[in-house]
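Colleague: The residues making up each chain are set out below.
Number of protein chains: 2
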Amino acid sequence: MAGSSDSPRHKHKVTVVGSGNWGTTVAKLVAENTREHKDIFEEDVQMWVFEENVVVPSDSPHYDAAVGDKPQKLTSVINTHHENVKYLPKIQLPPNVVANPSLLDAVKDSSILIFNLPHEFIGNVCKQIKGHILPSARGISCIKGVTVTEDKVELISEYIGETLGIYCGALSGANIANEIANELWCETTIAYNTPPCDRRAENGAANNSAEGEHRDARGQVSKTKLTAVPDDYPPVSHAELYKLFDRPYFTVSMVSDVVGVSLAGALKNIVALACGFIEGHGWNMTAKTAVMRRGMLETIQFCQEFFPETIQEMTFWESAGWSDMIVSCTSARNWRYSKMAVERGVSLHEVERTELNGQKLQGISTTKEVMSFLKARGVQDKYPLFKAVEGIVDGDFKVEDIPVLFRQ
Amino acid sequence: MAGSSDSPRHKHKVTVVGSGNWGTTVAKLVAENTREHKDIFEEDVQMWVFEENVVVPSDSPHYDAAVGDKPQKLTSVINTHHENVKYLPKIQLPPNVVANPSLLDAVKDSSILIFNLPHEFIGNVCKQIKGHILPSARGISCIKGVTVTEDKVELISEYIGETLGIYCGALSGANIANEIANELWCETTIAYNTPPCDRRAENGAANNSAEGEHRDARGQVSKTKLTAVPDDYPPVSHAELYKLFDRPYFTVSMVSDVVGVSLAGALKNIVALACGFIEGHGWNMTAKTAVMRRGMLETIQFCQEFFPETIQEMTFWESAGWSDMIVSCTSARNWRYSKMAVERGVSLHEVERTELNGQKLQGISTTKEVMSFLKARGVQDKYPLFKAVEGIVDGDFKVEDIPVLFRQ
Chain A
1 MAGSSDSPRH KHKVTVVGSG NWGTTVAKLV AENTREHKDI FEEDVQMWVF
51 EENVVVPSDS PHYDAAVGDK PQKLTSVINT HHENVKYLPK IQLPPNVVAN
101 PSLLDAVKDS SILIFNLPHE FIGNVCKQIK GHILPSARGI SCIKGVTVTE
151 DKVELISEYI GETLGIYCGA LSGANIANEI ANELWCETTI AYNTPPCDRR
201 AENGAANNSA EGEHRDARGQ VSKTKLTAVP DDYPPVSHAE LYKLFDRPYF
251 TVSMVSDVVG VSLAGALKNI VALACGFIEG HGWNMTAKTA VMRRGMLETI
301 QFCQEFFPET IQEMTFWESA GWSDMIVSCT SARNWRYSKM AVERGVSLHE
351 VERTELNGQK LQGISTTKEV MSFLKARGVQ DKYPLFKAVE GIVDGDFKVE
401 DIPVLFRQ
Chain B
1 MAGSSDSPRH KHKVTVVGSG NWGTTVAKLV AENTREHKDI FEEDVQMWVF
51 EENVVVPSDS PHYDAAVGDK PQKLTSVINT HHENVKYLPK IQLPPNVVAN
101 PSLLDAVKDS SILIFNLPHE FIGNVCKQIK GHILPSARGI SCIKGVTVTE
151 DKVELISEYI GETLGIYCGA LSGANIANEI ANELWCETTI AYNTPPCDRR
201 AENGAANNSA EGEHRDARGQ VSKTKLTAVP DDYPPVSHAE LYKLFDRPYF
251 TVSMVSDVVG VSLAGALKNI VALACGFIEG HGWNMTAKTA VMRRGMLETI
301 QFCQEFFPET IQEMTFWESA GWSDMIVSCT SARNWRYSKM AVERGVSLHE
351 VERTELNGQK LQGISTTKEV MSFLKARGVQ DKYPLFKAVE GIVDGDFKVE
401 DIPVLFRQ
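The listed protein sequences derive, respectively, from chains A and B. Per the numbering used here, the very first residue in the first sequence carries number 1; after that it's consecutive. Per the numbering used here, the very first residue in the second sequence carries number 1; after that it's consecutive.
It is possible that some hints are incorrect.
Per the computed footprint, the stretches of chain A lying under chain B, defined by three or more beta-carbons under 8 Å from a beta-carbon of chain B, are [unchecked claim]:
(1) 91 to 99
(2) 312 to 321
The calculated lysine-lysine pairs, modelled on BS3-like cross-linking and capped at a C-alpha distance of 30 Å, are [as the list claims (entries may be wrong)]:
(3) K243(B) / K398(A)
(4) K223(B) / K339(A)
(5) K382(B) / K243(A)
(6) K339(A) / K11(A)
Far from chain A by the CB rule (all over 10 Å, computed), these chain B residues [said to hold, decoys possible]:
(7) R9
(8) P95
(9) L104
(10) D109
(11) S136
(12) T147
(13) S256
(14) R293
(15) K398
(16) R407
If you're looking for bench data, these hints aren't it; they were derived computationally from the structure. Backbone N, C-alpha and C define an ideal beta-carbon position, used for all residues, glycine too.
Same shape as in the complex, but just chain A (with noise of 0.2 Å):
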């Protein structure tokens, strides 16, 4: 079975779980590296599609009269004229970005699993390959958040992982989608653990620690028994994923603790939720510069409290940490109905009714989750700023006492 650790027989044949804006982006760029990287990667990437019929525009420039306005198949589309036309429109993807509307085939003999897909639907997709991908695949959530009750924590990464029998780490940054397609640069971390099994002796030989054993989140040792990456495979490890995901446009810190990357783009949320209430009050960026940064050391000191084994403080200042949190309290979604809400003197689940047609706004539901977390240890009194969220969310706080707690 093993191969020659000089030059491995196989190369990793990469798919991306997910084909919606964010996804596609990630996608196109990925492609764009595998084509450079053909000693690592297979050149095409698989990416599902979740199936459906589009109706191209007469004004597309891949409108054919002859088709006029009959639906396709977006994955033919996709294919044929290299766009996603609904999801990402107006940008060329590299032909070597295969859509496949099967899930099981388009995860088949992947070596390398890219998730990226709205978080409600990664449990089903998981329980659909499971068995069915490579026992030794490798997977990358670009899913921000986690999944917080009164009995846990469980970041996206994990629960892929657990779930898969696989090894998973975390993408997460300052990232809009919509920029990266256009390949204005921006920053992002991409949080990897690589487990025991997976680590090379020098000489590329062999695997150096006890097959399949590794760490999870809180640093003890997972109940996940891991298949290595085959020596006749490359390695996958931070210089490996490194070339998959960074471009000139889109440039990659790599780092090891995908606890703090996943919890600061989870976290950030209700920060963000902070921002926009003291932003609605009529404070300016000098007040929001403080709830950014005290929702931070609230971020730090949750992680350093419940994960103390593997959390790293400097993850903080990566693209997943400071970068994520300063562009998500000043562009993003939770920032804006928050500041909306406050302005027209109304509650957050009234513009949830009103503007957003009783789709829920994600800061609400960690905010709640996180502080249900908290009151089950009764620490909640030490995470302040969270605490105050949620009581302006249920109106037993008034916005213009946020500074109070920042008094001595």
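Fit chain B to the supplied structure of chain A, relying on the hints for placement.
Modeller: Just chain B, lined up with the frame of chain A:
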């Protein structure tokens, strides 16, 4: 000489040296606090005013038809109408702000001196008051910036302290004078490393260390021997300074790291130039956060390289760190003019000529000074962003090449 420790015979007399926009704002808030803490501070706050003649405009509520357009002394207008009509118009000052045109009279017998005037005047002011202040006085510098030459980095607070033979801390944060004068809430950071000779024993009865010894910014025993704050005065430590500066609309955070606070307040100007370049080139917020964070990492690295004994990483999460960087890179002068230069395709020197009447941008001199200090030590390549900013200012580096600096 020693009074009863239970009720010190003296109170602290406070003087604000400077009366510009920011100086008058600080005098206002400090005077509000001396009224609330009469057990510690004398109520009247002296404010030294560089005397000049002003004409009160006819639409001002302080216009006196009998005086008409006749020039009046600024100090007399302030003391009569409790408004600094020239530098902080339309803001009511508490009547216990006492404008004083005599520098020596204003600082006489003061035990707390707050320095708040433009960088370029501090040398002269210190020379004038040297020998005319209480030897046990303590200082707070509200002046941002440091003096950097090939030979050394000197903090403004250090310069003040060494010139006057006293100990001096620093106040810095994401602060906009007019907002604070209007009582719009924000935060600030005060760095003050209470000298050992001022640290009173638990019973409040006696100073608990060798008279006069204290540590400089580098953690070395200072050449300046201090006169301790006498026991018949209240102590000067974090608790008292907090009471002197903290207001419901101006939240103070006390730290001991004077170096971190001062250098963050200076080096941010280099980063603000970089952010202006980035946005002038057409990149957005996500790119700007990348540059800000890299600038912050180089700032932290600079502090750790040259002040390893005293620097505390958490300082950079203070208002004087991250918050001030964000505000400076979003709305301040260095950012605005560097953005303009790139948008117009001209050099920053050209913008100084045409927009600033030849006045110099502080960011440019900070960049030059810091780079000459780094070059003298041969470590300039460890600071690629700072180096690129100098290159862009000098026309040796292209803005569009900034992302290249970020590659691994």
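Colleague: Give a verdict on every hint.
Modeller: These are the hints, each one checked on the structure:
1. 91 to 99: Violated: only 0 residues of the stretch 91 to 99 of chain A have a Cβ under 8 Å from chain B.
2. 312 to 321: holds (count 4)
3. K243(B) / K398(A): Holds. K243(B) to K398(A) sits at ~25 Å (cutoff 30 Å).
4. K223(B) / K339(A): violated, 53 Å
5. K382(B) / K243(A): holds, 24 Å
6. K339(A) / K11(A): Answer violated: K339(A) to K11(A) is near 49 Å, above 30 Å.
7. R9: About 28 Å separates R9(B) from the closest Cβ of chain A, which puts it past 10 Å; holds.
8. P95: holds, 26 Å
9. L104: Answer for L104(B): holds, closest chain A Cβ roughly 35 Å.
10. D109: About 30 Å separates D109(B) from the closest Cβ of chain A, which puts it past 10 Å; holds.
11. S136: For S136(B), whose nearest Cβ neighbour in chain A is about 26 Å away, the distance exceeds 10 Å, so it holds.
12. T147: Nearest chain A Cβ is 27 Å from T147(B), so the label holds.
13. S256: The claim holds: S256(B) sits with its nearest Cβ about 15 Å from chain A, beyond 10 Å.
14. R293: Its Cβ does come within 10 Å of chain A, the nearest being 5 Å, so this is violated.
15. K398: holds, 13 Å
16. R407: The claim breaks: R407(B) does not keep its Cβ more than 10 Å from every Cβ of chain A (closest is about 7 Å).
Comparing the model with each earlier hint shows violations of hints 1, 4, 6, 14, 16; every other hint is respected.
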